[in-house]
Every structure is written in C-alpha cells, then in structure tokens.
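Going by our numbering, the residue at position 37 of the sequence shown is 43; the numbering climbs one at a time, nothing skipped.
These are computed hints drawn from the structure, not numbers from a lab.
Watch out, some of these pointers could steer you wrong.
[Unchecked claim] Simulated pairs of lysine-lysine, DSS-like, Cα-Cα distance not exceeding 30 Å:
#  : residue 1 : residue 2
1  : K265      : K290
2  : K216      : K150
3  : K92       : K216
4  : K216      : K265
5  : K230      : K130
6  : K71       : K230
7  : K213      : K230
8  : K88       : K112
9  : K73       : K288
10 : K86       : K111
11 : K299      : K288
12 : K265      : K86
13 : K38       : K84
14 : K152      : K262
15 : K152      : K213
16 : K290      : K316
17 : K111      : K130
18 : K227      : K265
19 : K112      : K288
20 : K73       : K86
21 : K130      : K71
22 : K111      : K88
23 : K295      : K212
24 : K290      : K230
25 : K73       : K282
26 : K316      : K295
27 : K152      : K227
28 : K316      : K227
[As the list claims (entries may be wrong)] Quick list of the computed label-pair ranges, beta carbon to beta carbon:
#  : residue 1 : residue 2 : range
29 : N312      : F74       : 18 to 24 Å
30 : K316      : Q123      : 25 to 31 Å
31 : L236      : G89       : 27 to 33 Å
Glycine included, each C-beta is placed from N, C-alpha and C at the ideal position.
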Amino acid sequence: MKLLRFLLFPFAIIYDLVTTFRNFLFDTNIFKQNSFTIPVIVVGNLSVGGTGKTPQIEYLIRLLKNKFQIAVLSRGYKRKTKGFLKVSNSHSATEVGDEPLQFTKKFPDIFVAVDEQRVSGIQKILAQSNADIVLLDDAFQHRKVKGSLNILLTKFDDLFVDDFLIPTGNLRESRRGAQRANAIIITKCPENLSVEQQNVIKNKLKKYQKPIFFTTISYAKTLKGFTEILLADLSNFEVLLVTGIANPSSLIRFLKDRKINFQHLNFPDHHHFSTKDIELIKSKFEDLKGLNKIILTTEKDFVRLNNDLKNLNYLEIETTFLGNQQRVFDNLLINHINQYSENN
C-alpha cells in the first residue's frame, strides 16, 4: 500500500496545484465568500476523517447551549437524500447521516440541519430559527462560507505537518491551509501527555502562529443502550466490538488497556449496514461462548444499528482539554462570539 501511494505521488502534485489555485481564487475574492451577521464557527481538518470532529462539536454545544441559541449544520455525509432537511428524531441515519442524527438525539433543544450547500443551509437556518450561532461541521474546505472562527483539528499521532496530499497521503489540501485557522487543536492525545511532548508539537506548528490546544478522549463510566453496564464490569463480559468509523484505534487501545476480551468486526467509515452485515454480526455474537455477552459499538454507529440489533450497547465519549487549556479555549471562543455579535 505504501509503495502504491509513493507511485501515485505525481497525482498528489496535480491535486496540490488544483486545490492551491482554488484557494487562491477565494483568497483574492475572485470566487465569492459569504459572511453572516451571526457567528459561524467552522470545525474541520486538513486530513480525511478520524480527527474527532463529532466530540468537538458536542463540546461546543455543551459550552454554548445555556447562553445562546445554537444551530448545527452538516452536509449529512453518505445520506441518501438531497437538499436541506431539519433533522428530527423520526429521521433515520440513511436520511440525514449518523452524526446529525446523533446531535439531535443527544441535544433535542438544538436546531440541527443538513444541506450539502452550506450557504443556502445557513440562510434557511436563519429563516427558520432564532439561532445566535451556527456550528458548521466538517467545512474547513467549504470556502463559499467565510467562517467567523475556524477551528482546525489534527490527530496527535497523525499531525497534518507530517502528512502529504492524497493520494500519496491523507491531506485534502496543502498544509498551507492551516493559515486560515484561528485555533489548532491536537486531538486524541494520551491523557498523560507531558508538557515537554506538547512543546515538541508546538515547535512543529510554530510557523503557523496560531493558538494550539491539546485534547484527549474521555470515556463514560457506564455503557448505554440495551442495558446499562458499568465500564468497570465490562471485563466480565464477552464483547463483540462493531465499528464503522474512520479510525477505531483509540477505542481498541482503550479496551485493551483495561484487559477487556473482545472480538472486532471493522466496517468502513459511515457504513450503511446491509441485511447481510446484520446477519454476520448476529452470527458472530451467537458464536461468543460466555454467558455474559454484549455487542459494543460507538455512539455514532449505534444510531445506525439500534433498530436492527439487540444486546447492543455503546460507550459515550467526550473531548477533554489537557491541563488548564479548557479555560483558555473557552475564553477565546466566548470573547470571539461576544465581539462578533457586538460588531454586527
């Protein structure tokens, strides 16, 4: 696979030229960017998938929902519908995408919508709601919207500065795109990441002259779903782990560190589970030998699987800032919102 990616390097150069020229057209206002009278906070990345955008959006919702009217707009990746839809509990993941449906079920008071045309989507949100703020999910490359604040995520063990453009690497655009960010968050860090290790990464990124934050993934102490199980008791169960996310390595490492016995069925990111897939999962589950056995999945996968499987549980995750960085980040965000709202 590495050899193939190396051989495809000339195509990465062509891709770089195309995306760089596109960004030039937006940067010089030849292509129009649309601003709005309320803050539009963009959460995205330079890489393809797996950087933790969903828990970061949820962090922003928790931070802001008691002070502001929040709306979240996503394209609804891999949904089988088109156009603008306000997401409700009655929708399926097939109709609106798994992440928007997860936001709706978790935060029922938040206006969640999907639209592949982000400008039109924000306009419809403003017409249909009293939103004070729009959170734009996975839209760092969607240059038609000029975000008031751009938050760039990059994974601890796969920093964008160490990567190359697709197809040789996983970057959607050149590393130069990081210049558009107002803050860079290093995601999925080890909980015990030292200040010295943080400084090494900061030195790698210092040329971008952006505020840099470090976060980790925190897991809930109780599994939800078919039945509530204490995480501390999970080692007493035979576990079939089913994932359809871009990078399940953090969850796998978490389970292994806790000596939890599991078998893993790994599907592609945002996978639409077919009848054949469901039958395979049921068969693998029946093959487990323990008296106590469950199917464990991610919260994102749960919204796609819970209507088809029993014995299905999921483990909630949250973004947690390391050290005292949460206070600094929260202040940066709140100050931006207040200043932007005041100016507009």
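Results for each hint:
Restraint check for K265 and K290: satisfied, since their Cα atoms lie roughly 21 Å apart, inside the 30 Å limit. In summary, the hint linking K216 to K150 is supported, as the alpha carbons are separated by about 23 Å, within the 30 Å threshold. Between K92 and K216 the alpha-carbon distance is near 34 Å, which puts this suggested pair outside the 30 Å criterion. Annotation: proposed proximity of K216 to K265 is violated, straight-line Cα distance about 39 Å (limit 30 Å).
Among the hinted pairs, K230 with K130 is inconsistent with the structure: their alpha-carbon atoms are about 34 Å apart, more than 30 Å. About 23 Å separates the Cα atoms of K71 and K230, which keeps this hinted pair within 30 Å; it holds. For the given pair, K213 sits about 43 Å from K230 by alpha-carbon distance, which is inconsistent with the 30 Å threshold. In summary, the hint linking K88 to K112 is supported, as the alpha carbons are separated by about 24 Å, within the 30 Å threshold.
Note on K73 and K288: the hinted pairing is violated, with a Cα-Cα distance of about 44 Å set against a maximum of 30 Å. In summary, the hint linking K86 to K111 is supported, as the alpha carbons are separated by about 20 Å, within the 30 Å threshold. Among the hinted pairs, K299 with K288 is consistent with the structure: their alpha-carbon atoms are about 12 Å apart, no more than 30 Å. Distance restraint check for K265 and K86: the Cα-Cα separation of roughly 39 Å exceeds the 30 Å cut-off, and the hinted pair is therefore not satisfied.
Proposed proximity of K38 and K84 is supported: the alpha carbons are some 27 Å apart, at most 30 Å. Of the pairs offered as hints, the one joining K152 and K262 is violated, with about 42 Å between alpha carbons and a cut-off of 30 Å exceeded. The suggested pairing of K152 with K213 holds, with an alpha-carbon distance near 23 Å, which does not exceed 30 Å. Proximity of K290 to K316 is assessed by CA-CA distance (about 13 Å); at most 30 Å being required, the pair is judged to hold.
With a C-alpha separation of about 21 Å, the suggested pairing of K111 with K130 holds against the 30 Å cut-off. Restraint check: the Cα-Cα separation between K227 and K265 comes to about 16 Å, which is no more than 30 Å; the hinted pair holds. Simply put, K112 and K288 have alpha-carbon atoms about 27 Å apart, close enough for the 30 Å limit, and the pair holds. Distance check on the hinted pair: K73 and K86 sit about 34 Å apart at the alpha-carbon level, beyond 30 Å; violated.
This hinted pair checks out: K130 and K71 have alpha carbons roughly 20 Å apart, not beyond 30 Å. Restraint check for K111 and K88: the C-alpha separation of about 21 Å stays at or below 30 Å, so the hint holds. With a C-alpha separation of about 53 Å, the suggested pair K295 and K212 falls outside the 30 Å cut-off, and the hint is violated. Between the alpha carbons of K290 and K230 the distance comes to roughly 21 Å, so the proposed pair stays at or under 30 Å and holds.
A hinted pair counts as satisfied when its Cα atoms are at most 30 Å apart, and K73 with K282 does not qualify at roughly 46 Å. Taking the CA atoms of K316 and K295, the gap is about 17 Å. The hint holds against a cut of 30 Å. Under the criterion of a C-alpha separation no larger than 30 Å, the hint pairing K152 with K227 is inconsistent with the structure, at around 39 Å. A hinted pair counts as satisfied when its Cα atoms are at most 30 Å apart, and K316 with K227 qualifies at roughly 21 Å.
Checked against the given bound of 18 to 24 Å, the beta carbons of N312 and F74, roughly 31 Å apart, lie outside it. At about 39 Å, the CB distance of K316 to Q123 disagrees with the hint of 25 to 31 Å. Distance hint check: the CB atoms of L236 and G89 are about 43 Å apart, inconsistent with the given range 27 to 33 Å.
Consistency with the previously given hints fails for numbers 3, 4, 5, 7, 9, 12, 14, 20, 23, 25, 27, 29, 30, 31, ordered from lowest to highest.
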